[in-house]
Amino acid sequence: MKKILIVDDEPSILMALEYAFKKQEYEVFIARDGSEAIEILKTKIPDIILLDIMMPKVDGYQTLQIIKENENLNKVKVVFLTAKSKKADIEKGMDLGVDKYFTKPFSVKKIITEINLLIS
Amino acid sequence: MSNFSLIIIILLYLGFLFFIAFIAEKNKRSKWVNNPIVYTLSFGVYCSAWTYYGSIGVAAEEGVRFLAIYLGPVIAAPLWIVLLRKVIRISKQHKISSLADFISLRYGKNRFLGALVTVVCLLGILPYISLQLKAVSETFEIMTQKSNYISNSILTDSTFYIALILAVFAAIFGTQATDASEKRRGIIFSVALESFIKLLFFTIIGIYVTYFLFDGTTDIVTQFKERDNFSSLVTLGGFEEGFNWFFTIMLSFIAIFLLPRQFQVAVLENNREKHLKTAIWLFPLYILLFNIFVVFIAWAGKINLGNEANAEYFTLLLPLKEGNIFLASLVFLGGLSAVISMVVISSLALSIMISNNLIIPYGFLSKFIKNEPSKNVKFIKNIRRFAIFCIIIISYSIYYSFSVKLSLYSIGLISFVIIAQLAPSFFIGLFWNRGSSKGAIIGILIGLFITFYTLLLPFLFESFSYKPSLFSINGLHPHALFGIDFLTPPVHAFFWSISANIFCYGYFSLVSKGNYRERNYAEMFVDSRNYSDLQDNAFVWKGEAYVKDIKEVLMRFLGNERATRALHIFFAKYNLPKNTQFADAKLIHFSEQLLTGSIGSASAKILIQSVVKEEEISLVEVLNILEESKEAIANSKTLKQKSLELSNLANQLKLANEELLEKDKQKDEFLDTVAHELKTPLTGIRASTEILLDDLEMPNPVKEQFLNNMLQDSERLSRLINNILDFEKLATDKHELTVQNQDISKTISRTIKSLITSSTDKNIAIIQKNNQSIYLQYDEDRMIQVLTNLISNAIKFCEPNSGLIEIDYFLEENNLQITITDNGKGVLEEDQDFIFEKFYQSKNQNTIKPIGTGLGLAITKQIVEKHQGKIWLDTTYKNGAKFHIKIPSI
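Chains G and X, in that order, give the protein sequences. Going by the working numbering, the first residue of the first sequence is number 1, and it counts up by one from there. Going by the working numbering, the first residue of the second sequence is number 1001, and it counts up by one from there.
The shape of chain G in the complex, shown without the other chains (with noise of 0.2 Å):
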């Protein structure tokens, strides 16, 4: 079974998330900052992170940089789903190792046939 981890601090956001990917037979962590996703991947590796940007405490980039600094982690893919559509914004998170980046309002069939194929 796949395990995917969805961190986002939008509530309706991250159980639209869950509730999709838990239909596509998931294992859906969900985490709603930086410092709980951190929490959490201490014990379960994912094969894949959904991970906003703007969030409370730890947001998505310092989130990233941990992930790729861990060796147990570091081959995770990670996807970023934000609100931020600048180019700028878009270049500091591929040079940070992100995999793939979606802009917000996404659609949740897209998303979920491109981590389909990211992952297979």
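You may find that some hints are simply not true.
As the list claims (entries may be wrong) - For lysine-lysine, the following DSSO-like pairs were computed, each having C-alpha atoms within a straight-line distance of at most 30 Å:
id, chain 1, residue 1, chain 2, residue 2
1, G, Lys92, G, Lys42
2, G, Lys87, X, Lys1663
3, X, Lys1663, G, Lys57
4, G, Lys3, G, Lys109
5, G, Lys110, X, Lys1679
6, G, Lys57, X, Lys1667
7, G, Lys77, X, Lys1679
8, X, Lys1703, G, Lys109
9, G, Lys86, X, Lys1665
10, X, Lys1654, G, Lys86
11, X, Lys1796, G, Lys57
12, X, Lys1679, G, Lys92
13, X, Lys1667, G, Lys100
The set of hints was computed from the structure by calculation and includes no laboratory data.
Keeping the supplied structure of chain G fixed, place chain X upon it in accordance with the hints.
Same frame as chain G, now just chain X:
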């Protein structure tokens, strides 16, 4: 006192002065030597033996008239700043070394004029120096109590030796540099010291006579009143006497500028212009102090010594009569000081004129061209030393053969009248650019002739007891020309000579135009402020000259090394290549200036002219060139100003641009944030809709959850849009407040009422602590918005059930202050500085996702500020959050 011990005292005193001059010369840069006090005291050289002894003579015989000669300098004092400053500036710029040089330069470096001025000064000053020697000799006689001291042979006359020592003193300290425009600090410092000593000793004897020999001033006056001629001595006389006063004051006014010794100390030895500001008040004060006791000593002498004694020496005779030899010696030394300073400075000034304006330009120039530089330097110094000795020896012989019969006062006035002949060409020439050398020369000659006829001739004839028949002709009597017989002889001579002088100067200046060089210098002098900017450019010259030839001449006087260095500096200043071949006007001017200090301006001109080929330029051309250089300077000034304005403008533009960029960036950021904030709820709505559409078998409770989320997100979306529009409206000043007179108490209760649902939901109490009606001007809807924002924030951060929100208000000065206090968790210190910023949301809110839009407090702040008010968080309040709002109540 014995002859011998007096000579010892004199020698000791002279030795002391030598020592002081030597020390000052060695420390010429010290603050003790260069200060306004020393400068002002050196002016005191004006008060010679004539003042020291002569004034008392005049006061005793003629009453207050002695004062006239000191009123001139006092009246002149305010003019110094203007006149003297101008003269000092010109002299420094052109390296002028004497009065003769100054006048000769003004009239185009005229050689004859320089020589004539020198002769006038010699005629005027030599008798004056002899007068000083006479004073030494007579006081020596009184001190040693010998009758008729003048001995049978010069060699046994101690005055002769004193004169020689003074010559040595002047020669040593006065001729150290070949460049006569160099300062002589040693001599000036000793002169200043002597000025102090003579004033001190004169005041001491004044106090001694007035308060020890008599019972103060009133005692002297009452005793003296009993004499029959008292009233004539203290009144000023009638209309005719007024003329005497007027012209005597004018005479002394001229003297304070033009006596060679005054010109030397005031102009040539001035090393800082600002010292004038001290001299302007301190020197009149000095003169005042010198004159306080004159009348009292004079009258005291008359009372104690009778009419027989020589009134000029009352200061010595009074203490001697009482047997007070010590005090008499002090007075003697004071008088000696007055003599020394006058003789030394005068002979020095005259020696420079003799060398630079008489001997060198008339005879030694060709010799200089052939000589080695070191020989020339020695030669110039020797001419000056020789001149000093000649001046003093000639003065001594004048004294020896003539002056026995004349009083100090009358010789002094003769000198003044002769020197006054230079006044028209000096003063008028400073302000009238038409004044020409021809006018100056004829004016001076005529003036001299009249002075000779009206003042010197009668004096000469008188001393030979001869009365020519010419004098008996009506209207030609030397003391009463054309029947004017009410003036004293010196004033009479001054009146006629100076009138004729001025007339001739003006007339011949108008009929004859000077050559272009003369006009060139006239412009530079008259318009000195304007042309000092031009510096070397102000000199107009046209012709052909080689740098090589000019350097050759310079080397004769400065030596190879200094000449080369001077030219290097010149080339560097004007950005010329070092191997420049042809000399221009600037270099000619520069070279003449370099030589002026050593050999005088006329000689410098002649020497440089001998190696260049000069072309005639018309007057019109001179003026054109001057105008052009003036314009060029003005143009470059305008250009500079323009470029300054431009760069200012560029700076302003840059600033404005930066501001715009900053605003643009802020706008971008704002839009970015707005977009982000809008996209977030939109994403929630879209995702939920997609899932609901796709998954039709979704269980009902889950479906309900999704629909609820969608509702919340769309509410948030519309709230956000409203807030953003609101915020923008307030920020761009488009929104006007509808201000009305309102009762704050009612507004608060209305706000609380509208929030009752959300507060009862959480069971939180809202208390309005004050119900007093206070009316003031505000926009009620906006005020409700402010209060709603703050109170709903409070509700948000308070614990359910235990929450308590209190609203209070009071008037403070002209402001209404409202406080909203809650007992919630308060604002974290790290957030305190940012809570009023737009889209700032605390990272530590108790719900996972903030309910607010991040604009609430920013809008609140904007509204309060629109009311000219202030909103702030009370950071000292620890039991929750406390906000203050302050709005003006008038």
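Okay, the hints, checked on the actual structure:
Taking the CA atoms of G/Lys92 and G/Lys42, the gap is about 26 Å. The hint holds against a cut of 30 Å. With a C-alpha separation of about 21 Å, the suggested pair G/Lys87 and X/Lys1663 falls inside the 30 Å cut-off, and the hint holds. Between the alpha carbons of X/Lys1663 and G/Lys57 the distance comes to roughly 29 Å, so the proposed pair stays at or under 30 Å and holds. Of the pairs offered as hints, the one joining G/Lys3 and G/Lys109 holds, with about 18 Å between alpha carbons and a cut-off of 30 Å not exceeded.
Taken as a hint, the G/Lys110 and X/Lys1679 pair is honoured in the structure, with Cα atoms around 18 Å apart against an allowance of 30 Å. For the hint pairing G/Lys57 with X/Lys1667, the CA-to-CA distance comes to about 26 Å; that is within 30 Å, so the pair holds. Distance hint between G/Lys77 and X/Lys1679 is fulfilled; the C-alpha atoms sit about 25 Å from each other, no more than 30 Å. With a C-alpha separation of about 18 Å, the suggested pairing of X/Lys1703 with G/Lys109 holds against the 30 Å cut-off.
Using a Cα cut-off of 30 Å, the hinted pair G/Lys86 and X/Lys1665 holds, with the two alpha carbons roughly 14 Å apart. Simply put, X/Lys1654 and G/Lys86 have alpha-carbon atoms about 28 Å apart, close enough for the 30 Å limit, and the pair holds. Simply put, X/Lys1796 and G/Lys57 have alpha-carbon atoms about 20 Å apart, close enough for the 30 Å limit, and the pair holds. Our distance criterion of 30 Å between C-alpha atoms is met by X/Lys1679 and G/Lys92, whose separation comes to about 20 Å.
Under the criterion of a C-alpha separation no larger than 30 Å, the hint pairing X/Lys1667 with G/Lys100 is consistent with the structure, at around 29 Å.
Every hint from the earlier list agrees with this structure, and none is contradicted.
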